[in-house]
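> Each chain, letter by letter, is given below.
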Amino acid sequence: MLWPRRSTREEGGRAALIAAISTIVVFGVIVVLVLNSEYWPAVRRQFFNWTHFKRSFPLVLDGFWLDIKLFIVAEVLILAIGLAVAIARSLRGPAFTPLRLLMIGYIDLARGLPLLLLILLMGFGVPSLRLPGIPNSALFWGVAALVFSYAAYTAEVYRAGIDSVHESQRMSARSIGLTQGQAMWHVIVPQAVRNVVPALLNGFVSLQKDVALVFVLGVREGLREADIYNARTFNYTSYIAAAILFLLVSVPVARFTDWYTDRQRRRTQAMST
Amino acid sequence: MTTLSLRGVAKAFEGKEVLRSVDLDVAAHGVVCVIGSSGSGKSTLLKCVNLLVPIDAGEIVFEGQSVTAPGVNPNEVRNRMGIVFQAFNLFPHMRVIDNVTLGPRKVHGVRRADAEEAAHALLDRFGLADKADEYPDRLSGGQQQRVAIVRALASRPTLLLLDEITSALDPELVGEVLGVIRDLKAEGMTMLIATHEMGFALDVADHVCFLDDGAVLEQGPPVEILRNPSHPRTRAFLQRIIDAGRL
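Just so you know, the sequences run in chain order P and A.
For the first sequence, position 19 matches number 19 in the numbering used here, and the numbering has no gaps at all.
Add 1000 to the 1-based position in the second sequence for the numbering used here, that's all there is to it.
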């Protein structure tokens, strides 16, 4: 090279400066273009109306707490059932064949159906049977449909994790006398879960939005409240209020997933050197 | 007395014969070394003895019991045998102490406090006292392999199977692991060892068995097999080892 090499610190500083300036310029241009468009006043009136926002936000927020509660209840069940299904599907030996087939059938069924269809089918269908001894609420069966669908996807995530643990670990666990179940639970599953935490967190983000689908059952959660407000006023700002609430929860989880995945990758790299 | 006895043991993987009618005996407190080139079936032989790989024909008798007979619970048999693998295979998500106590606690129902006390004593004996709370990835290869040996010993096995336990180690770490095996021999541990270390086999074995393409070509006292082999294929194998500077 003809000129002395700059220190990396100097280069890092310059790169950050370039990134900052180009970001400001690009986003600035977009904002200016949007605000100067001839349609902007109409968009603003219909979507970003401060008066409507102030009026609708408390209503939507009230409903949104239900979304959060449903999300937590469903996620806990999904993580537990998904793991049980994955373990059942990963057991070896001819004695477990019926169990394996049952699990494969369930996973194919649950993943093959649109979630909305499942929610309508279970949320309206099951209560209509008026079966004695089982809950009749649409809310209960709506959550059951979410769990039914998501547990299948989550089981596949866990299974990928179980398959990613090297065969020698299973053999080593069996060699000290552990049964197949003990080897799975004490040796394979802890390593498997660690390997798939980022994928599980992606499932969190996805479910956190999809709980809103139970609104088709008439459940008065956040999106339903926004919808009711819109039906009354023909203004869409209530949807924006709901959107903001969903983003407030899902964006941090998405950022955390990225941070965690990055940290995990750095650790594995550090370990292999 | 004979601890382990193999009679006509055969195994094929997808049509490829890996073991052909192997006969082998390990006397109580005896050390038998199985030698042979890579792919000769040494590893498979050990895994068959530990019932990790089911055999196709023949019989394995362990402490007077035919363990390959139908209806035998392999977990119960494995409780009385320890096996150490080439690649250590420690559980990376557990501390050293938990690696060692998992078997005693979960299989033998030993209380945690008692299992840990016994484990500390064992770790101490193999110079690993200060590593009990470390995770395996913080240890050197030699230390990891010694932990693996301690883990196998923690269930108080009457037979120890060692599968090329120094092959994955840097040369300067081989000595510390072989030293452990010498100590175990001195204490009377019964061992079946697959190894590439001919000097070690000569030193530690009571009986050497040369495995060639899945069959026992010759077996006998180490001096006879290693110094004065009768079979040309054994001679050729040993010559390759000598050329590589390993004997």
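You may find that some hints are simply not true.
The calculated label-pair distances, taken between Cβ atoms and stated as ranges, are [said to hold, decoys possible]:
| hint | chain 1 | residue 1 | chain 2 | residue 2 | range |
| --- | --- | --- | --- | --- | --- |
| 1 | P | 98 | A | 1054 | 21 to 29 Å |
| 2 | A | 1037 | P | 265 | 53 to 61 Å |
| 3 | P | 265 | A | 1056 | 42 to 50 Å |
| 4 | P | 167 | A | 1175 | 53 to 61 Å |
| 5 | P | 16 | A | 1037 | 57 to 65 Å |
| 6 | A | 1037 | P | 259 | 28 to 36 Å |
| 7 | A | 1072 | P | 108 | 31 to 39 Å |
| 8 | P | 68 | A | 1109 | 49 to 57 Å |
| 9 | P | 105 | A | 1073 | 51 to 59 Å |
| 10 | P | 108 | A | 1039 | 34 to 42 Å |
| 11 | P | 265 | A | 1175 | 31 to 39 Å |
| 12 | P | 247 | A | 1129 | 48 to 56 Å |
Because the hints were derived from the structure by calculation, they are not lab data.
C-beta atoms are modelled at their ideal positions from N, C-alpha and C, and glycine is treated no differently.
> Run every hint past the structure and note whether it holds.
Here is how each hint holds up against the structure:
no.	hint	result
1	98(P) <-> 1054(A): 21 to 29 Å	holds (22 Å)
2	1037(A) <-> 265(P): 53 to 61 Å	violated (39 Å)
3	265(P) <-> 1056(A): 42 to 50 Å	holds (44 Å)
4	167(P) <-> 1175(A): 53 to 61 Å	violated (30 Å)
5	16(P) <-> 1037(A): 57 to 65 Å	holds (58 Å)
6	1037(A) <-> 259(P): 28 to 36 Å	violated (49 Å)
7	1072(A) <-> 108(P): 31 to 39 Å	holds (37 Å)
8	68(P) <-> 1109(A): 49 to 57 Å	violated (44 Å)
9	105(P) <-> 1073(A): 51 to 59 Å	violated (31 Å)
10	108(P) <-> 1039(A): 34 to 42 Å	holds (41 Å)
11	265(P) <-> 1175(A): 31 to 39 Å	holds (36 Å)
12	247(P) <-> 1129(A): 48 to 56 Å	holds (54 Å)
Violation of the numbered hints given earlier is confined to hints 2, 4, 6, 8, 9; the remaining hints are satisfied by the structure.
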